[in-house]
Amino acid sequence: GCSAGGDDEGSTGGGTLTIGTTEQITALDPAGSYDNGSFAVMNQVYPFLMNTPYGSPDVEPDIAESAEFTSENEYTVTLKEGLTFANGNELTSSDVKFTFDRQVAIADPNGPSSLLYNLESVEAPDDLTVVFTLKSPNDQIFPLILSSPAGPIVDEEVFAADALTSDDDIVAGEPFAGQYTITSYDFNNLVAYKANPDYAGILGEAKTDTVNVKYYTDASNLKLDVQEGNIDVAHRTLSATDIEDLRGNDNVKVVDGPGGEIRYLVFNFNTMPFGATTAEADPAKALAVRQAIADLIDRDAISEDVYKGTFTPLYSYVPEGLTGANEALKDQYGDGSGQPDADMAAQRLEEAGIETPVDISIQYVAERYGPSSSDEYAIIKDNLEASGLFTVNLQSTEWVQYSDDRVADLYPAYQLGWFPDYSDADNYLSPFFLTENFLANHYENPEVNDLILEQSVTGDPDARAALIGEIQDKVAADLSTIPYMQGAQIAVVGADVEGAEDTLDASFKFRYAALSKG
Amino acid sequence: MAVAVSSRPGHRWRDRIPVVHQVRQSVGLQRGMLVAGLLMLLVFVLCAIFAPLLAPYGFAQRADASGGFGTQQPPSAAHPFGTTVGGYDVLSRVIWGTQTAILVIIVAVVLAIFIGVALGLYSGYFGGWLDRILVVVFDAIYAFPSLLLAIVLSIVISGGQSNLWGGVLAAAGSITVVFIPQYFRVIRAETVRIKAEAYVESAKVLGAPNRRIVFRHVFRNATRTLPLIITLNSSEAILTLAALGFLGFGIEPTAAAEWGYDLNKAQSDVTSGIWWTALFPGLAIVFTVLAITLVGESLNDLADPRLRGRRRVAQAAGEVAETSVVPGGTLDAGPGGLAGLEDGETFDEHGIEVKR
Amino acid sequence: MSTVDTAPSSEAPAAARPRPKAAGGGFGRYLLIRFLLIFPTIFILVTVVFFLARTTGDPITAAQGGRLGPEALAELRAAAGYDRPLIVQYLEYLAQLATGDFGQTLTTNRPVIEVLTTYGPATFELVFYSLIVAFAVGVPLGLYAAYHRDKAQDAIARVLAIIWYAVPIFFAGLLLKLIFAVWLKWLPVAGRASVSAELQMQTLPDPTGFYTIDAIRTGNPEVLVDVLAHAVLPAIALGLLTAGIFLRLVRTNVIGTLATDYVDAARSRGVAESRLLRKHAYRPALIPIITVMGLQIALLLAGAVLTETTFEWKGLGFILAEFLESRDFAAVQGIVVLLAVIVALTNFVVDVIAAFIDPRVRY
Amino acid sequence: MSTVVDIRNLGVSFSTDAGAVKAVDDVSLSVERGEVLAIVGESGSGKTVTAKTILGLLPETATTSGAVVLSNRAGTGEHDVISLTGAQLRGIRGTDVAMVFQEPSTALNPVYTVGWQIMEGLRAHGQVSKADARKRAIEILGRVGIPDPEHRVDHYPHQFSGGQKQRIVIAMALVLEPGLIVADEPTTALDVTVQAEILDLLRRVRDEFGTAIVLITHNMGVVADLADRVAVMYQGKVVEEAPARELFADPKADYTKALLAAVPYVGHGVARAAERAAARPADWAEQTPVVEARGLEIEYPGRFGRAGFRAVDGVDLVIRPGEVLGLVGESGSGKTTIGRAIAGLTRVTGGSLKVLGHEMLGIRERRFRPTRSRIGFVFQDPASSFNPLLTIAECVAEPLVIHDRAVDARDARPRVNELLEAVQLPASYGDRYPHELSGGQRQRASLARAIALEPELLIADEPTSALDVSVQARVLELFAELQREFGFASLFISHDLAVVDLLADRIAVLYHGRLVEEGTGAEVLGAPADPYTQRLLASLPVPDPVAQAERREELRRLREEAAR
Ligand SMILES: Nc1ncnc2c1ncn2[C@@H]1O[C@H](COP(=O)(O)OP(=O)(O)OP(=O)(O)O)[C@@H](O)[C@H]1O
Ligand SMILES: Nc1ncnc2c1ncn2[C@@H]1O[C@H](COP(=O)(O)OP(=O)(O)OP(=O)(O)O)[C@@H](O)[C@H]1O
Ligand SMILES: [Mg+2]
Ligand SMILES: [Mg+2]
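Going down the list, the sequences are from chains V, Z, R and U.
Here the first sequence stands for residues 1 to 518, where the numbers follow the working numbering.
Here the second sequence stands for residues 1001 to 1356, where the numbers follow the working numbering.
Here the third sequence stands for residues 2001 to 2363, where the numbers follow the working numbering.
Here the fourth sequence stands for residues 3001 to 3564, where the numbers follow the working numbering.
Hints were generated in silico from the structure; no laboratory data involved.
A hint or two may mislead.
Stated by the list, open to error - If the Cβ cut is set under 10 Å, some of the chain Z residues that face chain U in the computed set are:
1. R1031
2. Q1073
3. H1217
Claimed, not checked - Not close to chain U: a few residues of chain R, all C-beta gaps over 10 Å, as computed:
4. V2046
5. L2086
6. T2099
7. T2203
8. Y2262
9. V2271
10. P2359
Just so you know, even glycine gets a beta-carbon here, dropped at the ideal spot from N, CA and C.
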């Protein structure tokens, strides 16, 4: 007999760490993937111009010496000197230009090129200088984009200029200049990393020399393996039950950090009760319905019953921890302290002259946002129906169909979740509440639209934070969506593993380099 | 020749009621297994019919007058089987789940039978090009991993919707597609065999039109093995639905109770020492499949005189048979068991075609 | 009465009688046709899968539906060519297939062939091991049950068989893991090998993907033991399910052959009962058993989907489910074609095996 | 002489669905060394059960009383088979008593070579080396007349002809030199020509090995040929036991008398046929034939483009109105094929076949269907030609309903009752299901259905092959009567010359798909011209021990002559 010895103890240097995850890689090529699993790898091995240092939500130059607006439409980045890739190639401004030109040129459907919406062109006047020309001026978001999935800098000698490069070619070409390089790559099964001594960015040296990442498909296996000590770290995504169970286990530590993942309920302004295209269209009544629902949702119940504290109540559009976040909905709805208030809801409906109970259909996705969506919505349905004000027709749908149907105005109210591209309040506002937004829920508020555009070009942090607060308050009054849950980042680590709390920060980037085994 | 050996109709009737007849026929262990299966099945059906009375709570009920049930509560007086991760009463969901299971079985099996039997009859009796094509097509579907077919179909059929009927129809529909090739194979093989039987030929010789031959002579004889396949498929239907639930295509929990879904949700509970949420739906599935399979296998064994056990008789008991010119009739069973399901030459041109 | 002027000899006319035998060439021909039939089967499957997959959405919506608005999505779809008429896309795909090119996966941008060669061996190994379990458990128990039919032993064996078949495989897998990996700690939880073993195997030049073979090639016995230990639980989970079916199959068929005249005839020559069972009843029963077992391969592959997910066994079934979820048509089609070929080839091989067991088929 | 087996007061009962059935009731029999005891009797009278009891081969559902005392070959010990346990039974099976089964093809395991199967028996009893066992297997195969045994020993059963298979089965029984061989209808499945050889072989076994034989058969010819003593069973009891010659000469029991009276003899029909021919009108020969075949060819298509199989090759025959044509020939000679072609069930592939004015070559079913009401067909196996789910009345009503003589089965019932009575079945039998009738009754019901539309042509395919002689006699009589009454023309197919002779006006002999001889009974049976017909007649055992002994002598002489 033999138990699965996950780790090769006694290897040299800073030891070996084995990490398990259920996220999946799509591709190592930054132009070909736009998902958490692939981005997690990129964060270890590729350099970024801008990055978020441990413990901070805000970006700073990473492999760049400096980065600033040199004119309204020009963002100039100066690279540090003597940068090289792990394969020995020099990392120069030409690689940077190549990186962004390539993103835009390929514009792969699976890639993040859409994030570069504001990029006009890139120039590399000398080896160390890169000049980004932007379409709209003073874009405060652009530095953030440089730390997003669109931002990893790649080696022009390894990557193809106009086509995606395969994982195997990438691994063989070693175009890595992040904290780690990949030494062995078995797609979505096992990836072995080795610390990159040449990394010259702000994040510093890796604490552990060798890291192996094991990819799981079934969370219960991940849980059993970390519980049995077969792996040292389990990061994303264990179920709430598993985490609660592991909290009581002495062999492991459960480490929490702020999370950028949110859950919210979207209203379709056309098809919701009293919506614009319904028979008894009435914006005021529709608003009253949304408000009543906002009054009734019991966030604590969801947080405790369903998520066992791994998700926490969210009372605003921007999650807690990000610069500018407030608790706009807490004051405006419910009892004012975050608890539901049925009387308030009844009163609102009554004032709007709405006959109760109101019939409403709510839709959610079965598996996309974890296994707990059904329990989450069972509670919401309970909340709404217990008040006697609503009858809820709850349905779940498979993801792809759901994606088609929701923009086809088939769902009056539906669940969505969001994981940020970059850790900034803007990423929680502009995609949602600009007149042109991806929700396509027919919400339109010119005032909000303008405010969002304004904050994105406001350079002064305090002024920008104020604007962001104002936007949240305004949207909270309109209730285009009701945000209600914010996910914590959670890693389960062996009792002898240190450093997890350092990287579970508002950057929402899990960096293996911070971890070490005692 | 003795005059009017009138048969007692009552006796005959009783002997012709399918299951009753077999129970009376069986002895010993065979009877034991049949009766055990029937009893379990009866419990299952009764649970489904009287679920509203039997279940202490609704399948989507999370709280009662005394407050919320709480999630993952261990078995207690109020919740004999505990509560689930979603805060439902396990016992109630297990009981309500019988309804879903029965629905799926009925819809899936009925649909599959209608289509499979019709095509099998046609293909087996008339042969020709359509037959060849159908055989190849169904063989292809057969080669398709059935669960995946079910997934694709559940998306196609219901667009991923998850209310009770949407879910049931999707699951049942996809199971149907998986099953049709089986019914088709069996019925076609039987039809091809029966077509060569003397009584079909004798009908042909009498000048009976094809329609009459197919319905009066072939159909009823060819479908004789169906009960066995039905029982086999019923259990497969439950398991497929459970597997679908496992992959996230199940029925929305507030729309209906479904064992496979609950079992799936209970997965991480098991590794955390919460045994009750998985055990009971799991047992429900096992018992139902066991019940149906026991009944099916027993009926099959009893239909086959060679497999049927009999009571031992006292020494030199009984009467010497009167006129026993040709022993036995032709009522022997057709292909049985899985062998019957899947046996049967596929590319055969059995028998001789009448010129048309 | 007439006189007899010819010596009657039964042999001569019997031998000369033009019986419709399956001539030697005939069987070869049958097999050839059987083999050629694989192609229409695959063609039909490809067609069905192509259209089914495309009615269920596209990979772009699957990946970006939660980030992009309808216009952006439509743009991307148009860029990828998914908005063209289905029939055009279908013909294109057929043309591509005809040149033996399976194309690239749409989501992970890898050659479909590579997907097949990476995940195929895993499924193959899993199915192989579970067949060993199924045979080792199902056949002897089936014989045992047949011999003791309608006795307590038979009843127990049959109920066991039903239970193996009735317990959903993911549930059975979970229990096995808890018992053997967590409580007893005899076996690993999941996966095909431990991290260190996999790393060692990855250093091999051209790893085959068959871990058993790769493990032997490393020359490190610990790796082999590790790989085999990982195979035990999945093989049992899937193997027992199949064993349940085999048991019933063997039982029914052996009971059938036990009732034949030749068994009685052998008995009348004083052949021992155990020998009757093993030699006279089992061997002829093997022919239908083998045939049906061949058909079970499809079932086994379906079961493999769940087994693979439950045990982190990264094989075709598991990856197919994944690709289906992301609507990666190209990958789904490629995998289905491969599965169909496997199923068809298995049935083909099974026919050949059956022919070898049954001397009647050869002449 | 010593007693090999002594059966005393044997009783056997079976448990069945319908309750207990007593199969054998107080039977006492004994067989001496080197003696052939024939057991004859009605079907189901317990012959097989008695025989199986000797080997302890009864199924678990049987209970036995009485004693079966079996002595070993050396005569040094005896056992009561009934009280033996499994292992002890195994010891005596094969060495003290061996069995030859009815169907040689099912008694041989298809997946092992015959040598393997013979050797297995040898090695099951004592230490025999493989090489020795093989030597003895080859030797015994040679002795039962398998040519080239060294080579054939490694062949599989399906590579032998039916007759050879039966020889091998006998070889298996012989190889351990048992004191007693029980042969249950050893020749029923074989052609008469082959049957004659097997009977010869059995006689040699008795004479050369001194083996006692219990021979079960319903063929009185076989009994007359081989048996020393005969036991007649009826309804589970032995009603008479006597030396063979005595029994044939002077039967005592009523059943024996009836049985012997029912045995058809070749030549009995000649006079009657002549009578009928004389009664025909003068222009009869010129009337349009009901059936006329010219160079008829029927080929079964081969599978997957393989060459087809020609079952009927260039047959000319004619059936005139009211005439009965008897068609005989060995198994597989194409008799059924011709009958089916006439009924439009099998496609004609060459030559010409006119049936009631229709050319059957290339005819379409739609055009032929109306003519079907003028043709009746009685199938070879009465049991399977009825839909098991319909009552007899419904079955008989089928033709009436199909051809619009009645709305449904209920409407047709009065006519059905008439028909049933015409075939001497009580009308109440109409309410029964086919399996609830005896074979003879079913055969009559089948006749009733065939004549329901008063056809001009009746095709009867071996309508009595499944029946025992007494029942057969009744059916044949009925057939003759109906034919007289309705006057239909008929093709009467049989492999039994005596049966055909009884009914037919003319006889046609088929051999390998070709018509080798045709003529009146007197011509064909009296002076056969074709060597095959001659051999057929010579092989036919006469059901009379005295005459048969003479014929056998003659046959032997002829064979020797031919050998020189
Ligand atoms: N296994 C059995 N179970 C029940 N009844 C049986 C069984 N075997 C024989 N019988 C009955 O026992 C009686 C005698 O059967 P047996 O086979 O000895 O007849 P037989 O004289 O050999 O007839 P045949 O000439 O048709 O072979 C019949 O009534 C038969 O139905
Ligand atoms: N459907 C068929 N396909 C191919 N060959 C056939 C078919 N039916 C019969 N034959 C062959 O044709 C030949 C003649 O068969 P047929 O049934 O006419 O014989 P028969 O004289 O009636 O024999 P029996 O006395 O055994 O009934 C046989 O060699 C038989 O094997
Ligand atoms: Mg018999
Ligand atoms: Mg015939």
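So, going through the hints one by one against the coordinates:
Annotation: interface hint on Z:R1031 violated; nearest CB of chain U at approximately 13 Å, more than 10 Å. Taking 10 Å as the C-beta contact cut-off toward chain U, the hint placing Z:Q1073 at the interface is violated, the least distance being around 54 Å. The restraint placing Z:H1217 at the interface with chain U holds, with a minimum CB-CB distance near 5 Å, inside the 10 Å limit. R:V2046, annotated as away from the interface, keeps every beta carbon of chain U farther than 10 Å; the closest lies near 26 Å.
Even its closest Cβ contact with chain U, about 36 Å, leaves R:L2086 beyond 10 Å, as expected for a residue assigned away from the interface. Against chain U, the non-interface label of R:T2099 holds: every CB pair exceeds 10 Å, the least being about 31 Å. At the 10 Å boundary, the C-beta of R:T2203 stays outside the reach of chain U, the nearest C-beta of that chain being 49 Å off. With a minimum CB-CB distance of about 4 Å to chain U, R:Y2262 fails to clear the 10 Å threshold, and the non-interface call is violated.
Not every Cβ of chain U is farther than 10 Å from the Cβ of R:V2271; the closest lies at roughly 5 Å, contradicting the non-interface assignment. At roughly 4 Å from the closest C-beta of chain U, the C-beta of R:P2359 falls inside 10 Å, breaking its exclusion from the interface.
Of the numbered hints given earlier, the model fails hints 1, 2, 8, 9, 10; all others are met.
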